[in-house]
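Engineer: Sequence:
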Amino acid sequence: MKRIILIGCSILALTSCKNDKKESQEVEVAKTEKMEAKTNENKEWKVLFSGEDLEGWQTYNRDSISSQWKVEDGAISFAPAKGDKRIKEYLMTKDKYENFELQIEWKISEGGNSGILYGVQEMDKYDEPYYTGPEIQILDNQKHPDAKNGLNRTAGALYDMVPPNKDVTKSAGEWNKEVIHIDHKENIGWVKLNGVKVTEFPVNGEKWKNMVQDSKFSQWEDFGTSSKGYIALQDHDDKVWFRNIKIKEL
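All residue numbers for the sequence shown refer to my numbering, where the first residue is 1 and numbers rise by one.
Honestly, the hints are just simulated from the structure, not real lab data. Computed from a predicted structure; not experimentally measured. Heads up, a few of these hints could be off.
Unchecked claim - Here are the simulated lysine-lysine pairs, BS3-like style, with alpha carbons at most 25 Å apart:
#1 LYS166 / LYS148
#2 LYS96 / LYS166
#3 LYS94 / LYS46
Using the sequences and the hints, build the whole thing.
Structural biologist: As structure tokens, then:
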């Protein structure tokens, strides 16, 4: 009887060891798969701002970047110069993008106004990129007067065309997390602000044309006509900051 018990215990111990080994292997496999998935995800994303310099950026229709745009505390900051040093200056990517998802953080000064433009075309006849590129609005909704001109001019809006469905912005001086999704193949664009999808819109076709026709851009012949273009950060005479900028092409 004692021998049978010992044999039974040995079998149970062996089975337990095998189960423990199997569970350990499964844990290691899960860890490896998770690491591989994270690595593949990181490979899809291109960092547009290192946090240290403005490598990969340029200014619209200008040969150099002035001191109005700086890197401070790991963020791109814009502060308009005074007097004769003041020039209108949009910061712009050196590469063009068509179908993409952009992740970015921004904060606006009190009473400030700015924006993120996509599909921008550099043309000698224009001194600013908003003649060609649609804009996702950045605004202090509480204190900038443009907020009183309609919800389609508040933060997260496709400027003057599609309003956000709610205001989820942080107060002026606080960081907002934004995702801008533009896909011409699927004909969809959307904006997620602080984790909430606030805006959705077509990006081409008849619906797009009708939206433009009903906006202030109806007579602008080059506005929103190109699917592939630069991404630009707006100079709207107010202080604004950007950080953690990366893009994934779809």
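Engineer: Now tell me, hint by hint, if it's right for this structure.
Structural biologist: A quick look at each hint next to the structure:
At roughly 15 Å between alpha-carbon atoms, LYS166 and LYS148 fall within 25 Å of each other, so this suggested pair holds. Pair hint LYS96 plus LYS166 does not hold up; C-alpha atoms about 31 Å apart against a cutoff of 25 Å. Under the criterion of a C-alpha separation no larger than 25 Å, the hint pairing LYS94 with LYS46 is consistent with the structure, at around 13 Å.
Hint compliance for this structure: hint 2 is the single one not met.
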